[in-house]
Structure formats: structure tokens, C-alpha cells
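Q: Here's the letter readout for the chains.
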Amino acid sequence: MTDETDVAPVVAPADETTTRKLGIGFWISVTWIAVVVLAALLAPWLPLKDPDANFIVPGERPPYSPNGTHWFGTDQDARDLFSRTIFGARISLTVGFVAIACGMVFGGALGILAGFFRGWWDRIISFVFLVLLSFPALVLAILITALLERSQRTISNTLGILSISPVGRVARATTISFADREFVLAARTLGAKNSRIIIRELLPNVLIPMGALALLGMAVAVVAEGGLAFLGLSVAKGSTWGKLILNGSGSRLLADSPWVAFAPILVLFITVLALNFAGDRLRSYFDVKETSL
Amino acid sequence: MSYWLQRLGAAIALLLAVSMLTFGAMNLLGDPLFNILGPSAGDTETEEGRQIIQAAKDEYNLDDPLPARYVQWAAGFVTGDFGVQFGLDGEPPVSDLIKERLPRTLTLLIMAQMMAVTLAIPWALFSASRADSAIDKVSTVTSFMFIALPSFALAVIMKYLFVIKFEIFPLIFNAADPLASRLWQMVLPAMVLALPAASVYQRLLRTDLITTLQEDYILTARSKGVSKRNVLFKHALRPSLFSFITIFAINTGALIGGALIVEQVFIIPGLGSAIVEAILREDFPVVLAIVMIVTAGFVVMNVLVDLIYSIIDPRVRAS
Amino acid sequence: MTAIDLSLRVEPGTPLLELENLRTHFKTERGLVRAVDGVTFTLNRGESLGIVGESGSGKTVLSRSIMGLLPSTAVNHGVVKFAGRDILGLSSKEMRHLWGAEMSMVFQNPLNSLNPLMKIGKQITEPLKLHLNMDKIDARDTALQLLRDVRIPEAERRLDQYPHELSGGMRQRVMIAIALACGPTLLFADEPTTALDVTVQAQILDLINEQRRNRNMSVILVTHDLGVVAGHTDQIAVMYGGKLVEYAPTKSLMRSIPRLEDPSHSRLATIPGRPPDLVNPPKGCNFAPRCLYAQPKCHVEEPSLTPAADPAHVYACWYPVGTPEFEKRDAELQETGYMPDDISAVS
Ligand SMILES: Nc1ncnc2c1ncn2[C@@H]1O[C@H](COP(=O)(O)OP(=O)(O)O)[C@@H](O)[C@H]1O
Ligand code: SF4
Ligand SMILES: [Mg+2]
Numbered sequence: 481m482t483d484e485t486d487v488a489p490v491v492a493p494a495d496e497t498t499t500r501k502l503g504i505g506f507w508i509s510v511t512w513i514a515v516v517v518l519a520a521l522l523a524p525w526l527p528l529k530d531p532d533a534n535f536i537v538p539g540e541r542p543p544y545s546p547n548g549t550h551w552f553g554t555d556q557d558a559r560d561l562f563s564r565t566i567f568g569a570r571i572s573l574t575v576g577f578v579a580i581a582c583g584m585v586f587g588g589a590l591g592i593l594a595g596f597f598r599g600w601w602d603r604i605i606s607f608v609f610l611v612l613l614s615f616p617a618l619v620l621a622i623l624i625t626a627l628l629e630r631s632q633r634t635i636s637n638t639l640g641i642l643s644i645s646p647v648g649r650v651a652r653a654t655t656i657s658f659a660d661r662e663f664v665l666a667a668r669t670l671g672a673k674n675s676r677i678i679i680r681e682l683l684p685n686v687l688i689p690m691g692a693l694a695l696l697g698m699a700v701a702v703v704a705e706g707g708l709a710f711l712g713l714s715v716a717k718g719s720t721w722g723k724l725i726l727n728g729s730g731s732r733l734l735a736d737s738p739w740v741a742f743a744p745i746l747v748l749f750i751t752v753l754a755l756n757f758a759g760d761r762l763r764s765y766f767d768v769k770e771t772s773l
Numbered sequence: 056m057s058y059w060l061q062r063l064g065a066a067i068a069l070l071l072a073v074s075m076l077t078f079g080a081m082n083l084l085g086d087p088l089f090n091i092l093g094p095s096a097g098d099t100e101t102e103e104g105r106q107i108i109q110a111a112k113d114e115y116n117l118d119d120p121l122p123a124r125y126v127q128w129a130a131g132f133v134t135g136d137f138g139v140q141f142g143l144d145g146e147p148p149v150s151d152l153i154k155e156r157l158p159r160t161l162t163l164l165i166m167a168q169m170m171a172v173t174l175a176i177p178w179a180l181f182s183a184s185r186a187d188s189a190i191d192k193v194s195t196v197t198s199f200m201f202i203a204l205p206s207f208a209l210a211v212i213m214k215y216l217f218v219i220k221f222e223i224f225p226l227i228f229n230a231a232d233p234l235a236s237r238l239w240q241m242v243l244p245a246m247v248l249a250l251p252a253a254s255v256y257q258r259l260l261r262t263d264l265i266t267t268l269q270e271d272y273i274l275t276a277r278s279k280g281v282s283k284r285n286v287l288f289k290h291a292l293r294p295s296l297f298s299f300i301t302i303f304a305i306n307t308g309a310l311i312g313g314a315l316i317v318e319q320v321f322i323i324p325g326l327g328s329a330i331v332e333a334i335l336r337e338d339f340p341v342v343l344a345i346v347m348i349v350t351a352g353f354v355v356m357n358v359l360v361d362l363i364y365s366i367i368d369p370r371v372r373a374s
Numbered sequence: 006m007t008a009i010d011l012s013l014r015v016e017p018g019t020p021l022l023e024l025e026n027l028r029t030h031f032k033t034e035r036g037l038v039r040a041v042d043g044v045t046f047t048l049n050r051g052e053s054l055g056i057v058g059e060s061g062s063g064k065t066v067l068s069r070s071i072m073g074l075l076p077s078t079a080v081n082h083g084v085v086k087f088a089g090r091d092i093l094g095l096s097s098k099e100m101r102h103l104w105g106a107e108m109s110m111v112f113q114n115p116l117n118s119l120n121p122l123m124k125i126g127k128q129i130t131e132p133l134k135l136h137l138n139m140d141k142i143d144a145r146d147t148a149l150q151l152l153r154d155v156r157i158p159e160a161e162r163r164l165d166q167y168p169h170e171l172s173g174g175m176r177q178r179v180m181i182a183i184a185l186a187c188g189p190t191l192l193f194a195d196e197p198t199t200a201l202d203v204t205v206q207a208q209i210l211d212l213i214n215e216q217r218r219n220r221n222m223s224v225i226l227v228t229h230d231l232g233v234v235a236g237h238t239d240q241i242a243v244m245y246g247g248k249l250v251e252y253a254p255t256k257s258l259m260r261s262i263p264r265l266e267d268p269s270h271s272r273l274a275t276i277p278g279r280p281p282d283l284v285n286p287p288k289g290c291n292f293a294p295r296c297l298y299a300q301p302k303c304h305v306e307e308p309s310l311t312p313a314a315d316p317a318h319v320y321a322c323w324y325p326v327g328t329p330e331f332e333k334r335d336a337e338l339q340e341t342g343y344m345p346d347d348i349s350a351v352s
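Residue numbers (our numbering), protein chains in the order written: chain A, 481 to 773; chain B, 56 to 374; chain C, 6 to 352.
Simulated from the structure, these hints should not be mistaken for laboratory data.
For glycine and all other residues, C-beta sits at the position ideal for the given N, C-alpha and C.
Treat the hints with care, since some could be wrong.
Stated by the list, open to error - Output of the computed footprint for chain A on chain B, the stretches with three or more beta carbons under 8 Å from beta carbons of chain A:
1) 70 to 77
2) 288 to 298
3) 316 to 322
Chain A with its partners taken away, still in its complex shape (with noise of 0.2 Å):
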């Protein structure tokens, strides 16, 4: 009777089904994202204006208003700000999708080495891992892309390396966390080998968190695809939503015709809102502690 402890909550435990459960914001930022996607997918095969074409209205001086033909009005150049948005799409969620795949590949590599392995190989990688995030990430963004020609490719590149880590620990957290369960335990006994083991019994349980965080990275490569427009070194061929932004955010412009500039910063924003908000509930349905980002 004396071992009897007195643990009685005193606050409601969280309920299970709360938790448990994603929602229904989540099931409307994944069809926003899904739009999204599938209009910058099939974007040469919509029924959309050329984005390059110069819409000029005679005796009247660009940018236009948003119109019935032009839904978001068009830039100085009089090009159609809706398709531009939409074809922009294509860079801008490309360099996402490549970049978050990329930290994906490589940091879910590194991390799980870093987990299964513990020793040298943690310690090795795991300072990797430090090294990388001890450059504001911007900052390292910079270094490379001053140094490399501004192609889509040096960009998702750029902003892959730059995922490496955060995804690289999350793998690493979770891989060890799982290293010492009963069946990881138990396939060890049973002499499987370590590939075989960290293909199919940790892997798969990797992979969730990992997923979680893939929607998430990708919110933060989109941005940062910006942050770099911004500073004159997104790609230097093709229109991105950062460029686009870019553009309409010189003072005189802003001032005439701040659609130039709030058309994209929009879509921008409820896309970047609605990865957040999805990814932010996939991690919590799959319980990723927030402090292991």
C-alpha cells in the first residue's frame, strides 16, 4: 500500500481525439496547395495569357487595374500579373520541392548515420550539421549564390544544402530514439544487418516526422527563394514570386499600383500559410516535438 503513489491529474490530460485528428484547415491548405501546384504544373497547357505578351491598351498607360481580362491586373509592362503569378509558381515551388528533397536525401542520410551509428560518425556528422547552421541561413544562401552563376539549379542547390541540417536532426533525433525499441532490439538479435535494419525498421519510421517537416521546409525554401530575389540573386532567367514582388515594390509603383506588387505577395502568402499550417499539423498528428527543429 505504501508504494501507492497519488498521481491523479489535476489538469485533464489532453484528449486523445483532439489531438488526433487534422482537421478540417488542414484538408483546405492541402487543396490550396494542390491547386496551386496543379496550375503551375500544367501551367503552358491552361488556358492562360502568354505572361511575356505585352497587353497594351491603346491610348492608356500600363499597369493596368485588376479587370475582368486581366483578374490581376497587369504590371507596367502591361503583362498579365494572373499568368505570371501562376507560371512564376513553376520556379518558385520547384526550387522548394528540389531543395526540401535534397535536405530530404542527403540530411535524412546523415542523420540516421548519425543515430544508428552514434561514435565517430555522430560526432562527425553532427558537427557537420553545426557547421551548416551556424551561418544565418540567408547568410550562407549569399556565399553560394555570389559565387555560382544565378541558374534555378545553384538556387535549389543553394537552398537544399541549407535544409540539410534541420532535417538532418530531425532524422538523427528520431533515428535514435527508435535504435533502442524492442524491435530494432530484436531484429539485432536476430542477426539482420545493419542495412537491413535501418532500411526496414527504422527508415520507415524516419520518414514520418520527416514528412511532417517536408511540408514546413518547403514553406521556408519558397520564402527564401524571395529573401534572395530581394537581393538581386534569385535565378537570373524566368519570372519567381520573389521577383515578382520584387517588382512592385519600387516606391512609385507601390504608390500608383500596389497590385503589382499584393497580387503575388497574396498567393505567396496563403501558399506559404497554408504549408505552415498543414505541416505544423502533420507534426503534431505525428507528435515531432517542435524543439527538435
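Use these hints to put chains B and C with the ligands onto chain A, whose structure you have.
A: Leaving out everything else, chains B and C with the ligands in the frame of chain A:
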């Protein structure tokens, strides 16, 4: 004691690694000779051209192996000698540029962080003490929105609202103005950085406060008759600050990036425009110096966090 | 400023604490949790009451309801009178003048109940400054005296130490010193020894008792361990499933329980089965599903509190020790060797 030595050692190792990486990248990916001589670096056809190249190589020791040059550069760097700006006539020292630009960026950052913290703490206390009430939900949505709003987008929005529409703030930062008005001109850019930062801090601090408020010692404090307000301020706040401080330091990295961008929007000649200009001129000593200064500051900041931990937590101090 | 006239508190003849049909329910997603469901008792000044019950029986919620220290999901009904004043509906702003000053609480786990980032001295002087308007120096002197009262060695030095520098037993003494600081008339001690070493437990209980006598203070001692209250309180109340099922002077209760672990009476033994579901409590006696002595009637009708031979001793049971049904069933159980202890071994 040995713990602090260890921390110090780790920080130094980190700074070394970071600087080697930066220096190495600069020299391997870029072409220092080209920086110095511009297009004539490729002029190996004529005898004269070869002589110029050799002279430049000798002057800047470009024939030395990379490690030797790194040591030379690093030794200069720690003594405040960041090299010269190749891209400008007369090759003025980089340190002149830094001296002019760094204070502005630093002011912007400090102002932004101060605003963010003074906003975030009361905000978090307010929302945590009313967790899950309607107003708390509104505040959660608000902070979520600000977190999702990229700094450049917020900068454009704020510029539109407060500079163009309501004309509260001047558009252009004027380096010739007296200090007070220069500071005033930084308020809006600082706010652009502060609002999302405050949201990040509020979100985290609110969560931690809610956890702390469920601790037994909070009940003890209440059972002593301490007012709700003082329970929050005197008992709950300090124990909830730990992850906030960590995030504060980490977020400084994001703010540095944000500052560079916001400087562009508000036309503040700080490190942001310095690095952009230097990149356009391919003036690598400037880029190198700025990257290193900013990164070193960030590393040092993260070490300081440990120190602050030990100040607020006697348990850390003991161990 | 004070919502309650404190001078009224010791009107002769008025009990210090009166509870009438106190119910505390929590609104949860699962439904209404009836954590405390109709508790009535009175406590006079200077007396001590032990509340015993298995974990989850509602002891903590009961004592926090009396103090008014519950989360906002709690709903109270009934009457709680403190020194003749109805205090159940008071806001925490009003209750604040009672907390620490008139009633205070010692919690179960001294490791968590002291603020880890605040010096011991500050934690003790806080209520002194608050309620007695002491200045820094007076408060510190008083704190020192309090630490000596609770027999903390090197009291002076402790004032500037942090909780983590003290042992569990010492921390609980500090907690008691804090609770006693402003000379409350009612002290709640919620499992004050559960988290402590066995050797320290008795010392802490003796300390509380000693202080009660010195200060003519009432004490409500909450525990899951009948052994703890047996020697240390005047009265014992037994809780089960949010209800008081037995209330008696300690001596009378001890006399009527042949075996301390007897389930029928005390509902205290480590009997198999789970505590009743407080959202959907069982019909009849809510102990019936686990009671070895349950008869058909127990599953239908709820027993109410009835006096025993000693009228100060009341209990809620249809077939207490001594009734023919009890003896018959007891004999059967003896015969089959089917004793509570065995059951717990089997389960
Ligand atoms: N804040 C709360 N919300 C919902 N149920 C609660 C809350 N606090 C306590 N309870 C429930 O009330 C019952 C009694 O708890 P408690 O008083 O802590 O028991 P004990 O007798 O062990 O101190 C338990 O079933 C517990 O789960
Ligand atoms: S009333 Fe019946 S079920 Fe309840 S304790 Fe008494 S004998 Fe057991
Ligand atoms: Mg309890």
C-alpha cells in the same frame, strides 16, 4: 569551470570550421585573381599581361597554398584587417566599409529584437493566462499569420501602409540626419523584423508558460495568496524562458537575413546593400568579411545563451 | 480591501469549517466527472481530520475545492463555510486574502512544489510581505524563526539557498514553514509524506501535529494510507468514488475495524478492480462491483451515512461488520480461503 572551457573550445572549433569553409569556398569557387585584376586576369597572351598577373599574385600571395593563405587571412581578420576592396578605386580597406555599415545593421537588429521581446513577453503572458479563450485563439491565429508572412512581403506591405498611404515614416534613410531622426527612420524597418519575431517568441513562450502554469509550485504560489499577475510575472515567467532564449538566439540568424532584405526595401545603406554591391562588383574580400563577421556574431550569440541560462537557472550554475 | 471580515473568524461556537453536500464536477469531453459528489462534514478549530481513500477517490479535488484552487473546468455546488462565512462562490481575487493568511496547503511532492528558481528565503517571506505587510528585515527574521520552528538546521544559510540544494525532507519542512508563515487557522496537507523516505515520514507528521497544537490550528491531512492518519488525527473521513463513506473519531474507527485492511468498511485495502467510473458511477453502492461482501441490495440501493454504536461514527454500508450478512459471508470467505490478500495476489 571545465564546462566553460569546453564550451569555449567548441565555439572556437566552430568558428574555425566556419571560416575555413567560407574562405575555401571563396577561393575555390571564385577566382581571386579575377577579382583583383578584373578581365585583364585572363590576359596571358602578352608578356606585359603575364607580368601584371605575376605582380598581383606576388602582392597577394596567390601562389601560396590555400592553407597558408587562410592562416594569413585569418590572422588579419582577428586583428580587424579585412583586406582591401578590390572593386573600388584606390582599393580602400574593407574595414572602412564595415565601420560605416555595420552599426546601421546592428542598430536595426537590436531595435528589432528589443521590440520583439517587449511585445512577445506581455503577449505570451496575456494569452497563456487565458489559454484557449476566444481572445487567445485570435492571438494564436494572428501570430501564425505573422510567422507565415515573409519579411520582404511584410516590408512591402508596411512600406505601402506607413510610408506611402499614411506617410508616418520617411521613405529614405538619410545618413546625414542627426542620430535621433536616423533612429526614427529605423523604427519601421525594425518593426517589419520584430512582428514575425515577436510571433515566433510569443508562440513558444505561450506553450512553455502553459506548461509551467501547471507546475505544483504555481499552485503553491497561488495558495500563498500571490495575485494572478504576480504568479505570472514572479513565478511562471522565469522558468518558462529557457527555450525562448534558445530560439531568440537561433532566430537572430533569421533576423540577420531579414535585416539584409529589409535594408534593401527601405534603402538603408547597411551590410545588406554592402554585400549586394560587393557581389555585383565581385568584390570578394568584402563578401568574405561580411559573411564572417555576421556568422561569428551569430556563433558568439549562441554561446552567450549558455551563459544566460546559467544566470537564470541556479541548477545549471551549480553543475 | 478585504472582502471577508477576518475578525469574525473565531466566533465561539461556530465551527471553523462546514461542508454541506459539496459537489465538484469537471466538464470534460468524456462527460461530467463527478470527482467530489456530495460531501458533508464539520471541523472545529484546533481539530485535525484525516481524509483517507484510494488514489483517484477525490481527496485532492475535495481539499482544493474547499480552498477554491481548482482549474476553471471545475463546477462547484453545495456549501462551504469558513468561520461561518460562505466562501464557495468567492472569486479568486477575494479568496486571495484567505490563501496563505487563513488557510494554506502543503502539497505531496516537495520536489515540485517549491519554485526551483527562487531562493528559499524569498519563497517564505513572500506571503509575509503580502498579508502581514512586513518589511524586508522583519520578514527575513520571521522566515528564519519559521525555519527554526520546522527544525531546519543551519536555518540562516538556508534562506539564501535554492530548493535543489535541499533534501526532499528538508524541502517539505520548508513547504510547511511557508504554509505556516502567516499563522493560518486551517492547514491542508495533501499526501505530505507520500513522496518522502519512510524514515522522514513520521517526523513530518509529528511536526505538523506539533505545530497544530502550538498554533491552535485545524489540520486536514489527506492520504491514501490509513496508517498515516491513524496516529495523527482526531477524526478520520474515508472517501470512495467522490463520496464520504465513513466518518468517525479515530479511536472509534480503529476499534471497529478488526483488520486494518478490511474492505467492507474502509474500502481502503488494495483490493482488485478499478475505482468507479466517475462519469457513469455504478448504481447502488458504488463499491459494490469490488466488494467481497456485496449482496443484491447493494447493487440497487445506495447506502446513506448512518450512525454506528458510537453516534459520532457514521458510515455508508448496508452490511457492516457485525451484521449477520457480513458474518455469514465472512465465514464463507474464510472457509474457501478466498481472502482479499489472495485475490490481490491472483489478479
Ligand atoms: N481537472 C480535472 N479534470 C477532470 N478530472 C479531474 C480533474 N482533476 C481531477 N480529476 C479526476 O477526479 C478524480 C479524483 O482525483 P483526485 O482528487 O486527484 O484523487 P485523489 O483521491 O487521488 O487525490 C480522478 O478521477 C481524477 O481523474
Ligand atoms: S453497501 Fe454493500 S457493496 Fe457497499 S460496502 Fe457495504 S457491503 Fe459492500
Ligand atoms: Mg491526491
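Q: Hint by hint, say whether it matches the structure.
A: Verification of the hints:
1. Residues of the segment 70 to 77 of chain B lying with their CB closer than 8 Å to a CB of chain A number 4, which satisfies the three-residue condition for coverage.
2. Residues of the segment 288 to 298 of chain B lying with their CB closer than 8 Å to a CB of chain A number 1, which falls below the three-residue condition for coverage.
3. Coverage of the segment 316 to 322 of chain B by chain A holds [criterion: at least 3 residues with CB-CB distance below 8 Å; count 3].
Of the hints listed earlier, the one the structure fails to meet is number 2.
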